[in-house]
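Peer 1: As you go down the protein sequences, you meet chains F and H in turn. Heads up: take any position in the first sequence, counting from 1, add 683, and you land on our numbering. Heads up: take any position in the second sequence, counting from 1, add 683, and you land on our numbering.
Be careful, since some hints might not be right.
Claimed, not checked - Cross-link-like lysine-lysine pairs, in silico, DSS-like; alpha carbons within 27 Å at most:
| no. | chain 1 | residue 1 | chain 2 | residue 2 |
| --- | --- | --- | --- | --- |
| 1 | H | 738 | F | 941 |
| 2 | F | 839 | H | 983 |
| 3 | F | 755 | H | 941 |
| 4 | H | 839 | F | 983 |
| 5 | H | 941 | F | 738 |
| 6 | F | 839 | H | 988 |
| 7 | H | 988 | F | 941 |
| 8 | F | 839 | H | 864 |
| 9 | H | 755 | H | 1128 |
Calculated directly from the structure, the hints in this document are not laboratory data.
Protein chains: 2
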Amino acid sequence: MSWFKNLTRFTPPVKHKFTHTNNTHPLFSFQHFSTTTPPVENAASGLGPTKKPDKPRIVVLGSGWAGCRLMKGIDTSLYDVVCVSPRNHMVFTPLLASTCVGTLEFRSVAEPIGRIQPAISTEPGSYFFLANCKKLDVNNHEVHCQAITDGIHTLKPWDFKISYDKLIIASGAEASTFGIKGVKEHAIFLREVHHAQEIRRKLLLNLMLSDVPGISDEEKRRLLHCVVVGGGPTGVEFSGELSDFIMKDVRQRYSHVKDYIHVTLIEANDILSSFDDRLRVYATNQLTKSGVRLVRGTVKDVQPKKIVLSDGTDVPYGLLVWSTGVGPSSFIKEMDLPKAPGGRIGIDEWLRVPSAPDVFAIGDCSGYLESTGKPTLPALAQVAEREGKYLAELLNKVGKAGGGYANSSGDMELGAPFVYKHLGSMATVGSYKALVDLRQSKEAKGLSIAGFASWFIWRSAYLTRVVSWRNRFYVAINWLTTFVFGRDISRI
Amino acid sequence: MSWFKNLTRFTPPVKHKFTHTNNTHPLFSFQHFSTTTPPVENAASGLGPTKKPDKPRIVVLGSGWAGCRLMKGIDTSLYDVVCVSPRNHMVFTPLLASTCVGTLEFRSVAEPIGRIQPAISTEPGSYFFLANCKKLDVNNHEVHCQAITDGIHTLKPWDFKISYDKLIIASGAEASTFGIKGVKEHAIFLREVHHAQEIRRKLLLNLMLSDVPGISDEEKRRLLHCVVVGGGPTGVEFSGELSDFIMKDVRQRYSHVKDYIHVTLIEANDILSSFDDRLRVYATNQLTKSGVRLVRGTVKDVQPKKIVLSDGTDVPYGLLVWSTGVGPSSFIKEMDLPKAPGGRIGIDEWLRVPSAPDVFAIGDCSGYLESTGKPTLPALAQVAEREGKYLAELLNKVGKAGGGYANSSGDMELGAPFVYKHLGSMATVGSYKALVDLRQSKEAKGLSIAGFASWFIWRSAYLTRVVSWRNRFYVAINWLTTFVFGRDISRI
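Based on the sequences and whatever the hints tell you, model everything.
Peer 2: If you want it as structure tokens, here you go:
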């Protein structure tokens, strides 16, 4: 730091006594900086095991619903928290579809981890590391990670290790492609903010290109054909938002091409299969009325400009959004831990990974072991959130009882196991309409409503679930401006 | 469209009567779509010459301050407006620096062209084309353009022509690199929204990376060394915003690395050379107090991790922002039109290009011909805006008098020539401080103030200059939330 402190102060320009850089200038300690010093101190560096009086360390892999809810609930007077994730924010996934067409801004649905658990920014032993976990070493209570950089030209990714007292695997799942060729290359998923940004840029590009002279009529129709594969809540909500955008904004702002744009939703089975039958009829009618074409089919092949269905039909597209659910990620698949049916990490009723002491797994990456006799819970935000909340309380209890350090909570009483109670499902179908299904399971009886009232419930419920006041404020403001001024169409 | 209208309606899912795709399905008209039909109808297509009763056509190249102000002012009952530009929005450049650190959101400083001139979205003869102009054909009153696509895999860029009655060249300038090697590859300019996005992503990445275990102390210092080259208003404002971000947000949210982050501003001459001397002293003191190091130097070479000054000093950096002013773009340089001193398109006092009938040039791409005896106006938003406004009024007058069509306004009386009156300069230096210089030129006498009051003037003045009520509302809301909640730090 000495070069910096000693840097001659710049004097006011009128006196013309600028700091001149020369060979005696303290800035000179910079010279040969990048060639004489290796960027990384030690390949085996990292955070070693904790010792009293240090607090025990909780390591969280992932920053989705499960991991973030857990971190939020951890008592940081008992534990240090270290989060390892390739992104520094949580995404409020239920509102992601609305950002693709400009109803909401991207930043309104992203919450920095440092705001969810402030200790990560301020406590000396708590950190967020932008990195991927590469390997678990459960025998040594260690995780092996690799930093994420912007490329080898400026900084080569390096490896490091972190010792944990408690490890929480909350790394989520991957979008399913069912091994279909071309999905990863040409379709866009809808799971991260950058996906929504890509969809928006592509949609606006296609709208503009289809207006440029010289394009053929059929090519125009291809460019403006938006195909959504997968009729779950995400696919349906995105189709609804898209048809709202077309009916309200495209007609007004792209009036030259308004008759060429169409939305097709392809689903192999029924749309919204987890919802009440009445609600599904309603959703189907509502989407059809908004101009969304519902087609039953199975995709066989995805090419740059068209998809091929299993019966041989070619479906040209300009924008292809893929939302057919999730499956285990390759990180989870390769992990040497017992698995639950379906390939998720196997956990017991206290969300522990039985064969690995002090290791827990929550959210979409985990599932009950067959021995528990319980079914795998659906890959839903509310499941992940509830698990994170439960586990934070469990760990706080363990920590208070003095079991926070590695291998120290062996025969401690953990209290009641985790029990999931489904609070119901919601989905919006566009045109100020939504579905709210408050039944606890597909077979149970209970309230299920559709229409404007449930759209209002949908908005209010999500607004209160948004993590911070800042984003709650922004979401409300975004909704207001969209209502007053329409959606934004700058392609930035 | 027949395939679409005939598409069998989807029936409610409870009855299990989905639309099945098969060989008789109307979707089938899609088949072999992309192989049998060329995407472009005719290589020589485009918009041909206008004929009565069609309105005469104004073609505007560019969507910056000059072009957008012109389009806003055109009377669309007299003219059709066609805008050709590689971006579909105008950037409110004076506030761009604030978006890099999250004080403002990106979308708050971008205004879609369709909102600036609604006729472009709604009138049958007015268009926005996402394209680059490649060539002027002044003899045939035509411009040759090329569409911008997202790559040859889905759509090869195609050429088209547009006939104009009046052509306005408002394509702006390019950032100057003075032929220094590596600037384009490694430095980031600050002229477009995507530049601000890149700066923000890089800054947040470096903040996170410098916290990952294993990184050496010197590499950490390099990553967090933000170097700004160029001490004009943009460079000074960006440095001020950056030091605000460091002092308020980094200290709180990245407390582990807060002592490693530094800002250096390198300028070959004096900072803010167009401002009053007193203001420059004030700015220098203010920046130095906020921790910005001001260094006088000339950059010789830019490498991925360091810049080399002309005296041989190495300056390692993690983020390099280049704002050393602008010069003529290659499109302007290659143009076969008379030039003004400095390489801009030469114009007369009515902003006409004398050798080319019905062609005008405004904004940073144009300058007075030597024969006018007037000096080249500075490359400022207020010059561009004033020229756009003047020319819109001139063209409306010509149009009303029946001279709107090509070659029809030959000996028409144009009225008073364009006269530029400088309204003053403003720049913020961070910490709620700004400079306001209301002198009409460097030599003139007049009001020049600095401090919180001028910061307040700065904010109010820009807020009222923001183009639409929607963005005015958003900018105010952004400022409010930044004040209440701090800047956003999610890297999305």
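Peer 1: Decide, hint by hint, whether the structure agrees.
Peer 2: How the hints compare with the structure:
| no. | hint | in the structure |
| --- | --- | --- |
| 1 | H:738 - F:941 | holds (23 Å) |
| 2 | F:839 - H:983 | holds (26 Å) |
| 3 | F:755 - H:941 | holds (24 Å) |
| 4 | H:839 - F:983 | holds (26 Å) |
| 5 | H:941 - F:738 | holds (23 Å) |
| 6 | F:839 - H:988 | holds (12 Å) |
| 7 | H:988 - F:941 | violated (49 Å) |
| 8 | F:839 - H:864 | holds (23 Å) |
| 9 | H:755 - H:1128 | violated (34 Å) |
This entry does not satisfy hints 7, 9, going by the numbered hints stated previously.
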